[in-house]
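Colleague: Take a look at the letters that make up each chain.
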Amino acid sequence: QEKVQQSPESLIVPEGAMVSLNCSFSDSASQSIWWYQQHPGKGPKALISIFSNGNKKEGRLTVYLNRASLHVSLHIKDSQPSDSAVYLCAVISNTGYQNFYFGKGTSLTVIP
Amino acid sequence: EAAVTQSPRNKVAVTGGKVTLSCNQTNNHNNMYWYRQDTGHGLRLIHYSYGAGSTEKGDIPDGYKASRPSQENFSLILELATPSQTSVYFCASGDWGEQYFGPGTRLTVL
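Taken in sequence, the protein lines are chains F and W.
Counting in this note's numbering, the first sequence runs without a single skipped number right up to 128 at its last residue.
Counting in this note's numbering, the second sequence runs without a single skipped number right up to 122 at its last residue.
Simulated from the structure, these hints should not be mistaken for lab results.
Hints may be right or wrong, so weigh each one.
Calculated lysine-lysine pairs in the DSS-like style (CA-CA distance at most 30 angstroms, straight line) [as the list claims (entries may be wrong)]:
(1) F:Lys19 to F:Lys72
(2) W:Lys23 to F:Lys73
(3) F:Lys61 to F:Lys19
(4) W:Lys30 to F:Lys93
(5) W:Lys30 to F:Lys73
(6) F:Lys73 to F:Lys120
(7) W:Lys30 to F:Lys58
(8) F:Lys58 to F:Lys72
(9) F:Lys93 to W:Lys23
(10) F:Lys120 to F:Lys93
(11) F:Lys61 to F:Lys73
(12) F:Lys72 to F:Lys120
(13) F:Lys120 to F:Lys58
(14) F:Lys73 to W:Lys69
(15) F:Lys93 to F:Lys58
(16) F:Lys93 to W:Lys69
(17) F:Lys72 to F:Lys93
(18) F:Lys73 to W:Lys77
(19) W:Lys69 to F:Lys72
(20) F:Lys61 to F:Lys72
(21) W:Lys69 to F:Lys61
(22) W:Lys77 to F:Lys19
(23) W:Lys69 to F:Lys120
(24) F:Lys73 to F:Lys19
Cβ pair distances, simulated, as ranges [unchecked claim]:
(25) F:Pro56 to W:Ile72: 20 to 26 angstroms
(26) W:Asn85 to F:Gly32: 41 to 47 angstroms
(27) F:Ile127 to W:Asn39: 33 to 39 angstroms
(28) W:Gly28 to F:Ile127: 44 to 50 angstroms
(29) F:Pro30 to W:Ser82: 45 to 51 angstroms
(30) F:Gly32 to W:Thr38: 25 to 31 angstroms
(31) F:Glu31 to W:Gly65: 48 to 54 angstroms
(32) W:Ser82 to F:Thr125: 37 to 43 angstroms
(33) W:Asp50 to F:Ser42: 30 to 36 angstroms
(34) W:Arg56 to F:Ser23: 26 to 32 angstroms
(35) W:Gly52 to F:Ser85: 42 to 48 angstroms
(36) W:Asp71 to F:Ser26: 37 to 43 angstroms
(37) F:Ser42 to W:Gly29: 36 to 42 angstroms
Beta carbons are placed, not taken as given, at the ideal position from N, Cα and C, and that holds for glycine.
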């Protein structure tokens with residue numbers, strides 16, 4: 017079974033700061049890795065995904081994947097108070113069906 | 013955008029009672045999922061389905077049953093609810109990677 021670990025557990029930053037979130041996983045043959053955002057009382061919502069080694073940028077978000085070190089990171093540029101949420105790392109297992117394994121999440125608070 | 017709805021949004025049940033959580037999706041996705049989310053555990057997969065008539069066990073299926081009567085609907089059934097099943101339950105649907113989540117059902121078993 018895939019294991020997904022996220023760090024830090026929580027993070028408080030001032031508005032405008034660069035935010036870096038980390039995620040490690042156990043299976044180098046995993047398919048894609050997704051980052052989800054979850055606001056209090058809401059369901060998770062997909063932000064960005066990556067499959068290949070390297071980086072991918074979408075707007076203020078950049079994700080880096082290193083399969084050799086089993087590590088993926090999400091960076092949020094120019095953070096806003098509306099970015100305050102829990103961020104979940106999710107790995108699609110390589111078992112032939114589209115099942116996700118989720119980390120426990122990082123709680124981000126952006127202070128105005 | 014993909015739409016997944018859940019009912020009820022909140023439920024209080026008694027120990028030993030039967031609880032049914034319902035999920036509907038309007039995106040014609042083949043795959044649907046039931047998760048529970050608890051502090052300290054994150055999201056854990058209970059049951060999933062590949063299409064109408066199919067249900068499969070996820071990582072924590074004990075004490076739960078699932079039913080997929082149609083492409084759109086996927087239910088989670090607790091035949092004999094226990095306090096340890098107090099949690100927030102999420103339904104999701106999605107093919108080819110991204111999963112779309114519903115708003116969740118907060119279940120309290122007294």
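Colleague: Okay, Pro56 of chain F versus Ile72 of chain W on CB: inside 20 to 26 angstroms?
Modeller: 24 angstroms, holds
Colleague: Should the hint that Gly52 of chain W and Ser85 of chain F are 42 to 48 angstroms apart at their CB atoms be regarded as holding?
Modeller: At roughly 26 angstroms between Cβ atoms, Ser85 of chain F and Gly52 of chain W fall outside 42 to 48 angstroms, so the hint is violated.
Colleague: Verify the CB-CB distance for Arg56 of chain W and Ser23 of chain F against the hinted window 26 to 32 angstroms.
Modeller: Cβ of Arg56 of chain W to Cβ of Ser23 of chain F: about 20 angstroms, so the range 26 to 32 angstroms is violated.
Colleague: Lys69 of chain W and Lys72 of chain F were given as a pair; does the straight-line alpha-carbon distance stay at or below 30 angstroms?
Modeller: 34 angstroms, violated
Colleague: Measure nothing beyond the straight line between the CA atoms of Lys77 of chain W and Lys19 of chain F; if it is 30 angstroms or shorter, mark the hint as holding.
Modeller: Cα-Cα ~25 angstroms, so holds.
Colleague: Could you tell me whether the CB distance from Asp71 of chain W to Ser26 of chain F stays inside 37 to 43 angstroms?
Modeller: Distance hint for Asp71 of chain W, Ser26 of chain F is violated at roughly 25 angstroms.
Colleague: Between the alpha carbons of Lys61 of chain F and Lys73 of chain F, is the straight-line distance 30 angstroms or under?
Modeller: The hint holds at about 18 angstroms.
Colleague: Please test the hint of 41 to 47 angstroms on the beta carbon pair from Asn85 of chain W and Gly32 of chain F.
Modeller: Distance hint for Asn85 of chain W, Gly32 of chain F holds at roughly 45 angstroms.
Colleague: Mind checking the alpha carbons of Lys73 of chain F and Lys69 of chain W for me, to see if they're no more than 30 angstroms apart?
Modeller: Measuring from Cα to Cα gives roughly 36 angstroms; hence the hint is violated.
Colleague: So if I understand the rule, the pair passes when the alpha-carbon distance is 30 angstroms or less; does Lys19 of chain F with Lys72 of chain F pass?
Modeller: Holds: Lys19 of chain F and Lys72 of chain F sit about 23 angstroms apart, inside 30 angstroms.
Colleague: Keeping to a limit of 30 angstroms between CA atoms, is the pair of Lys93 of chain F and Lys58 of chain F held or broken?
Modeller: 24 angstroms, holds
Colleague: Quickly compare the C-alpha distance for Lys61 of chain F and Lys72 of chain F to 30 angstroms and report which way the hint goes.
Modeller: 18 angstroms, holds
The structure is inconsistent with the numbered hints 2, 4, 5, 9, 14, 16, 18, 19, 30, 33, 34, 35 and 36, although it conforms to all the rest.
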